[in-house]
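Spelled out from the first residue to the last, the chains are:
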Amino acid sequence: MSDTLARDSRHLTFLRARERWKPAEIAFWFALVGVYFVFPTNLIFVSQILITGLFALSLDMILGYAGIVTLGHAAFFGIGAYAAGLMAAHGWHEPLSGLLVAGLAAGIAGYLSSFLLSRGGGDLTRLMITLGIGLLLFEVANSATKYTGGVDGLQGVEVGKLFGVFGFDLYGKTAYAYVLGIAFLLFAFTRSMMHSPYGLALRSMRENQTRALAIGIPISACLTNIYTIAAVIAGIAGALLTQTTQFVGIDVLSFQRSADLLIILIIGGTATLYGGFVGAAVFMLAQDRLSNLNPQYWLFWLGIILIVMTLYLRGGMLGGLSRLADLYRHWRNKERP
Amino acid sequence: MNAILQTRDLWKAFGGLIVTKDVNLSLAPGARHALIGPNGAGKTTLINQLTGVLRPSSGSVWLDGADITRIPPNERVYRGLSRTFQINTLFPRLTPLEAVTNTICVRERKRLNILKRRFFGVSRCSTLIDEAYALLEQLNLAQDCLVETHTLAYGKQRLLEMALALATRPKVLLLDEPAAGVPEGESDELFEVLNTLPKEISILLIEHDMNLVFNFADRITVLVNGEELVTGTPSEIADDPRVREVYLGKGH
Chain D
0 MSDTLARDSR
10 HLTFLRARER
20 WKPAEIAFWF
30 ALVGVYFVFP
40 TNLIFVSQIL
50 ITGLFALSLD
60 MILGYAGIVT
70 LGHAAFFGIG
80 AYAAGLMAAH
90 GWHEPLSGLL
100 VAGLAAGIAG
110 YLSSFLLSRG
120 GGDLTRLMIT
130 LGIGLLLFEV
140 ANSATKYTGG
150 VDGLQGVEVG
160 KLFGVFGFDL
170 YGKTAYAYVL
180 GIAFLLFAFT
190 RSMMHSPYGL
200 ALRSMRENQT
210 RALAIGIPIS
220 ACLTNIYTIA
230 AVIAGIAGAL
240 LTQTTQFVGI
250 DVLSFQRSAD
260 LLIILIIGGT
270 ATLYGGFVGA
280 AVFMLAQDRL
290 SNLNPQYWLF
300 WLGIILIVMT
310 LYLRGGMLGG
320 LSRLADLYRH
330 WRNKERP
Chain Y
0 MNAILQTRDL
10 WKAFGGLIVT
20 KDVNLSLAPG
30 ARHALIGPNG
40 AGKTTLINQL
50 TGVLRPSSGS
60 VWLDGADITR
70 IPPNERVYRG
80 LSRTFQINTL
90 FPRLTPLEAV
100 TNTICVRERK
110 RLNILKRRFF
120 GVSRCSTLID
130 EAYALLEQLN
140 LAQDCLVETH
150 TLAYGKQRLL
160 EMALALATRP
170 KVLLLDEPAA
180 GVPEGESDEL
190 FEVLNTLPKE
200 ISILLIEHDM
210 NLVFNFADRI
220 TVLVNGEELV
230 TGTPSEIADD
240 PRVREVYLGK
250 GH
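Heads up: the sequence lines are chains D and Y, in that order. The end of the first sequence is residue 336 by numbering that gives the first Met the number 0, with every number in the run present. The end of the second sequence is residue 251 by numbering that gives the first Met the number 0, with every number in the run present.
Bound-form chain Y, shown alone (with noise of 0.2 Å):
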């Protein structure tokens, strides 16, 4: 099998602390995969790795048919692996358009020449601030793309965390609970946008949401204390007696 992204006997531990426990994790192209388990299961961990931000303990992680393992965040993130974070990481003193333009110029950065990239002011790379205009548009950031991003509704800033994500041109796109602290009247555009990705990309959703998550999930994997629980489809999911368990504990 193909898989675009996945992860072989993976370990990590800190210490005694086992946090990921020979977990073989796998997304075929175009997936739409979730991650789900109850708190301290290990699924931030489990990203962090994924991205490179940790160096797992053993184990290898491959994306696109390569090993990856050993390779740094930034150049992951040109090989087509992005994320976005649970708890807002944006650039407060950044306007949406120059956060977004910047992101697409560092994508760009080996195609621009020393002049443009160094010396030119930003707005001389016009076909990339169209891009990144448009890609703001499409996620409904167009009204707020010229003020700086810590005045922001928290909403917005929500669609801007998908935005920079997306400007990476990611293969694989790792969503760490999107809708997190999003108050439900306002999380439909945040849902709509999820929705309206296009399949070329694959994505590994963390979610606590079990609607968002059995709406929008192919297949799902459940995380318990670092290990890979069980691996299957929504409704195979929704009726393992395991998963039951561990979300509503025992006697139901």
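Excised from the complex, chain D in its bound form (with noise of 0.2 Å):
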């Protein structure tokens, strides 16, 4: 009887609706596939904000959902881009074993450094703490120049052919097949958690910790849960980086490269599960387009436009575009009559 009754009513309509694919997003994925054939020369760049986009989701989980504020999220995506890198230059080729063994050791590193941000303090403790753990990771990668290359970068990484069958080439289309598929699976795997009823506890977390731990929810053991996974995402985003460049560079564990994720999901729009891949693609071709003219340029712009979002454009690209589909709503439901 109340299955019936479920079926009928306005309010479960209205929170399945939310968690439809809608044709916006599926149009999205597909527009991704479009570029291999349609960008043939730029599938490297697009790959590259891909990777950025994936790791703004992992930022999106943790930031936009669960509420934890952090400065040193690339240490995840630095350990991830160097757990591959080693792997792939010390004889193990296989890229997909690769991703694993990097998304284990970034998902550990979440693990263990979960605990830290768990002991209580607020969202300035939880900066400095994550800031520090960045920094430290930073000097252990540039001291350690015997495995790591130091400043001048690990080299000798060689991936293998994916499935033993595709080849990484100089035009990269392989990996952006590659980083595409491994994009598109996490990005269904975190879609499809923040919207059950795990993702709405998390959600409650950020809105009030307070009544989030009144009714009952384990916040530490949730917080634990979330950093790791959103680590494990992170670790295979820098692995993602490390395989189709063949490359790691120091900057993967950079403050930089965290401080420039958070500009990404803000401009893009936090818990939108969209805003990490759309402000990654606005910041580098951004980035591209204006350090080309000037790199003086770009910095100028990007705090001017950092300074305008965060006043005006309140969750970001996304929660602007949102808004402008809801007045226009309105206006056509106030012309007819």
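Don't take every hint at face value.
Label pairs and their computed distance ranges (CB to CB) [unchecked claim]: (1) Y:P91 <-> D:A143: 44 to 52 Å; (2) D:V68 <-> Y:P182: 32 to 40 Å; (3) Y:V146 <-> D:Y327: 17 to 25 Å; (4) Y:V146 <-> D:V164: 51 to 59 Å.
Residues of chain Y clear of chain D, computed beta-carbon distances all greater than 12 Å [unchecked claim]: (5) Q5; (6) D21; (7) G39; (8) T44; (9) G58; (10) G64; (11) N139; (12) P182; (13) E188; (14) L189; (15) E199; (16) V229; (17) P233; (18) E235.
No lab work stands behind these hints, which were simulated from the structure alone. Glycine included, C-beta positions come from ideal geometry on N, C-alpha and C.
Both chains come to you apart, so use the hints to assemble them.
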């Protein structure tokens, strides 16, 4: 009986509509497939955007959904990048298992460091702790030149054929398909998780920790859990960068990368799932174009964009877009008698 | 006596400041127990020790025959101890439907399999959502259950406070000034909800509004300077000279 009641009710339709894949989402992923055919000369650049977008998605899970601020997310990206790089440089060339190990390494690091974050403290504490971990790891990689190559980067990364068939070519065709495939899989995984009861619990933690605890959510356990998952995905993103560029630069662990990532996600829109990808595209395209013109232009405009966005466009580009869509719908409803 | 909620020699001090002094509170099953006392009497500190947000310096808290003094707050909720807040403590950008559904999903998490809990959309838990909707309907929130909480009127938000606490299916409900800030004209809705709460739920009410306290409670404890002054029926409390002294000052 309750099932028939549920099927007809307005409130359930509302929730269901939210979870359904929307046409714009399907178009988004098909457009990315289209890029392969339409822009065959830009595949390397778009791969980089996708990797950064995936990295930003992992930040969105903890910042956008769970409300955990961080300035050191590059730590996990870097750990994944080095893990994949070291494996490939020392004789293990198979790419998929490389991703797996990289994700595992980053996940372990995420799991361990999450305990530092759940030990009370507010946003400021978390910013400082994550920043500290990031700086520490950077210095470790910088000093361990024997293993990481230090500032010169890790050389000799050789990646084998994907599925033993598709070699990584100079134009990045295989790399693009590979990155797009992995990014989509991880996106679908994240998307379903964020729409599940677990995702709802995370959002409620972001909205009000005191209340979340008072309705019975085990906050520390949830925090450890999502932080670990986000670290795994960040690690895989890092590994993708290593495998597609066959090189690891020490900047994978830099503070700049963590800070840029935060900017990317905020420009794109937090807690939207797509904000990271949109932000990465806008950020990297603008950086590419503007710094070709004149390097100073880039930072100048970035500064202005950031200020305007945070003051006037809450919710980033996707937030703005959805507000435009609301306005349009409102206007159309008014036109119709 | 088999109390549903009990404190035994509860003591809490912050340095030299004693905020809870040998409190032995006892709630019978189905009780409508009110806790009153002047500002700074330590009512909120006591609540926080009951819910586990604060750890007492000594003494113990018992729920349904089990010592819960060292049990974390979320586990206490799971065992049936729930609270509302004096100041709205809600999820501003969730809809009431989401907030209540969330609470119910958390309550039922051990009965949901991992796929449902982690990877399937919330909408698949349709029985739980129906329960959430029914609860919201019962509290006159059905009309507003699909808009974000921060857009609701204050009185509606007070009702949502109750809805979230009830959604955990508590055995014991701690109500921290449920009528705080609600203008007189709008408080009827809230009082009605309070009066129709099922008798199986034992209630500890903290309230300043004496009308509400004397209409609602069957037992009253007066807390002064962290210490239990007196506990008794409403008429005993009303006639007690010490209580008058605390509330009205000497000479009355």
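Q. Any hints this thing doesn't respect? Which numbers, in order?
A. Every hint satisfied by this model.
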